[in-house]
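Peer 1: Residue-level listing of the chains:
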Amino acid sequence: MSASGVKQVPDTETQIRIAPDGQSIVKDDIKWVMNPYDEFGVEEALRIKEKFGGEVTIVSLGPKRVTESIRTALAMGADKGVLINDPSAEDSDALATARALAAVIKDMEYDLIFTGQRGVDDDMGLVGASVAEILGIPQLSVITKVEVSEDGTSVKVERPVEGQTLTIESPLPALITAQKGLNEPRYASLPGIMKAKKKPLEEKTLADLGLDASQFGKEARKLKVLELTPPPQRQAGKIIDGETPEEKAAELARVLHEEAKVI
Amino acid sequence: MSQGVMVVPEQRDGELRKISFEIVSEGRRLADALGQSLTALLLGSDIKDKAPTLGHYGADRVLVADDARLGTYTTDAYVPVISEAVKANDPAILLLGASFQGKDLAARLSAHLGVGMAQDCTGFSIEDGNLIAIRPIYAGKAYAKVTFQDSWPQMATARPNVMPVNEPDTSRSAEIMDAEFNLDDSVLKTKVVDVSKDESGRVDLTEAEKIVSGGRGMKGPENFKILEELADLIGATVGASRSAVDAGWRPHSDQVGQTGKVVSPNLYIACGISGAIQHLAGMSTSKVIVAINKDPDAPIFQKADYGVVDDLFKIVPVLTNEVKKYL
Chain A
0 MSASGVKQVP DTETQIRIAP DGQSIVKDDI KWVMNPYDEF GVEEALRIKE KFGGEVTIVS
60 LGPKRVTESI RTALAMGADK GVLINDPSAE DSDALATARA LAAVIKDMEY DLIFTGQRGV
120 DDDMGLVGAS VAEILGIPQL SVITKVEVSE DGTSVKVERP VEGQTLTIES PLPALITAQK
180 GLNEPRYASL PGIMKAKKKP LEEKTLADLG LDASQFGKEA RKLKVLELTP PPQRQAGKII
240 DGETPEEKAA ELARVLHEEA KVI
Chain B
0 MSQGVMVVPE QRDGELRKIS FEIVSEGRRL ADALGQSLTA LLLGSDIKDK APTLGHYGAD
60 RVLVADDARL GTYTTDAYVP VISEAVKAND PAILLLGASF QGKDLAARLS AHLGVGMAQD
120 CTGFSIEDGN LIAIRPIYAG KAYAKVTFQD SWPQMATARP NVMPVNEPDT SRSAEIMDAE
180 FNLDDSVLKT KVVDVSKDES GRVDLTEAEK IVSGGRGMKG PENFKILEEL ADLIGATVGA
240 SRSAVDAGWR PHSDQVGQTG KVVSPNLYIA CGISGAIQHL AGMSTSKVIV AINKDPDAPI
300 FQKADYGVVD DLFKIVPVLT NEVKKYL
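Taken in sequence, the protein lines are chains A and B.
Residue numbers for the first sequence follow numbering that gives the first Met the number 0, so the first one is 0 and each next one is one higher.
Residue numbers for the second sequence follow numbering that gives the first Met the number 0, so the first one is 0 and each next one is one higher.
Hints may contain errors.
[As the list claims (entries may be wrong)] Okay, derived cross-link-like pairs now, PhoX-like style, lysine-lysine, Cα gap no bigger than 20 Å in a straight line:
(1) B:188 x A:155
(2) B:286 x A:237
(3) A:217 x B:144
(4) B:218 x B:293
If you are wondering where the hints come from, they were derived from the structure by calculation, not from laboratory data.
Keep in mind the model is a prediction, meaning the values are calculated, not measured.
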């Protein structure tokens, strides 16, 4: 049995524009997709299900549009979905989001929980670890290989860090955050898409989960966004002149040494 | 009332990592801005001899948690020990490095302490006594200025290679004390059973001071050899664009961009990389950017400090030869 957390994010080709309030981004015309790192998590959960049996449940928090991403995961082969859709939860910070996700997961039977190693929107990488903390289970972060033991009681994972790859063993249940390289996510097949339409996708409010709405949303954030700004503009660069490639390369080496002082 | 700055330096195999000096230096600046003291909390096994060095970089006090079970980092062992020290010392600011270890640790620790956390920040300041952090979001397509609300300590991680390192002052000495902690074996659930070292011997992209990166214009995996030659000569790490990785030319761990690694080296040389927005996002905090591409309209040139419009296969080998003059 496993649960996979998914988040819907702007496609990585999206140009990010700051909204007039200076604290959020312009959300019109954005192509929303499943967070790429979450896709690796969903794929891994499906592979484990194919080997060991069980069910894969997709859990997410967000507005109605997120059902599309959950349907994508169901079309890939997941069994059911739960969307926490509550206007009071909008703009919650990572810890509050994790509380809501954990409230759904805690009553399920689960051996493994997958999330992406970070969302490619806010780049925080906090929700997975926070869910693990709330549920009191080990976290295995930024993982590129997962091997569940034959008896299904433990897992061995690979975690690349700076200049090393660690092999870590953990008892189950555990939470794994997926890194690129873990697998190649499958595309949903046409029959898969047809079947997904009939799979259960439940929507819940915070109250349904027994949660106090005042602990969620923008006002309850412990990390507060004061302002969003465009990235600092880089000064216009210099095109290296030269008659031949040799001249250009020599000039480039010279400026890197004399002007930029980086060589 | 919460007071002072606490930093958690990072050691590997008993040696302090560069990120440790970066956060001690930044912690010193923040402590000075508050007019308060800086404590470094050092965890490891037989690590006490490293404590004075942290004083040279600016720590007023070093708390040492020395235990055989803290030699190799695990989330399970580090979180309770740090949590206990944070509760006992009640710092106003808790700063860690945004290395792989630091990000894993800070994520779990912030949830354990029930506080807000600003991950992978590129700038800090103190305004009205509060910590303000700047953090790139969407891999750098926008920057967020954030602060904390009813959340003590104010907790953040600093991106590697960004915070300037103080000149060590060997006449500075820190007060060195043992940290008090109880670590119960029953909480230690995970175990590092193997460590395999990357054989290239190069620094990881996230910490590299120089990067030579290749994209689709490299035409095939075998051609990365010319980038490796240049990289070896100047002490750089080799990176790749998403298209080069997706084509199977380079491993996933080499990918720079929004779905790969976000890097901030002093020098980034992009070879045959057109500059898709998701790539530009991942490297735009590099200090000096060089683009080598035969297409003069490639978007990478808009981000580059130095551009060479020419065939990379003609430029790179000559460049490798030319830089030898300056080494």
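Peer 1: Residue 286 of chain B and residue 237 of chain A: Cα distance at most 20 Å?
Peer 2: Given that 20 Å is the threshold and the Cα spacing comes to 15 Å, the pair holds.
Peer 1: Decide if the proposed pair is consistent with the structure: residue 188 of chain B and residue 155 of chain A, CA atoms, cutoff 20 Å inclusive.
Peer 2: Holds, at roughly 12 Å.
Peer 1: Mind checking the alpha carbons of residue 217 of chain A and residue 144 of chain B for me, to see if they're no more than 20 Å apart?
Peer 2: Distance of about 15 Å is within 20 Å: holds.
Peer 1: Between residue 218 of chain B and residue 293 of chain B, does the CA-CA distance stay at or below 20 Å?
Peer 2: holds, 13 Å
In this structure, every one of the numbered hints holds.
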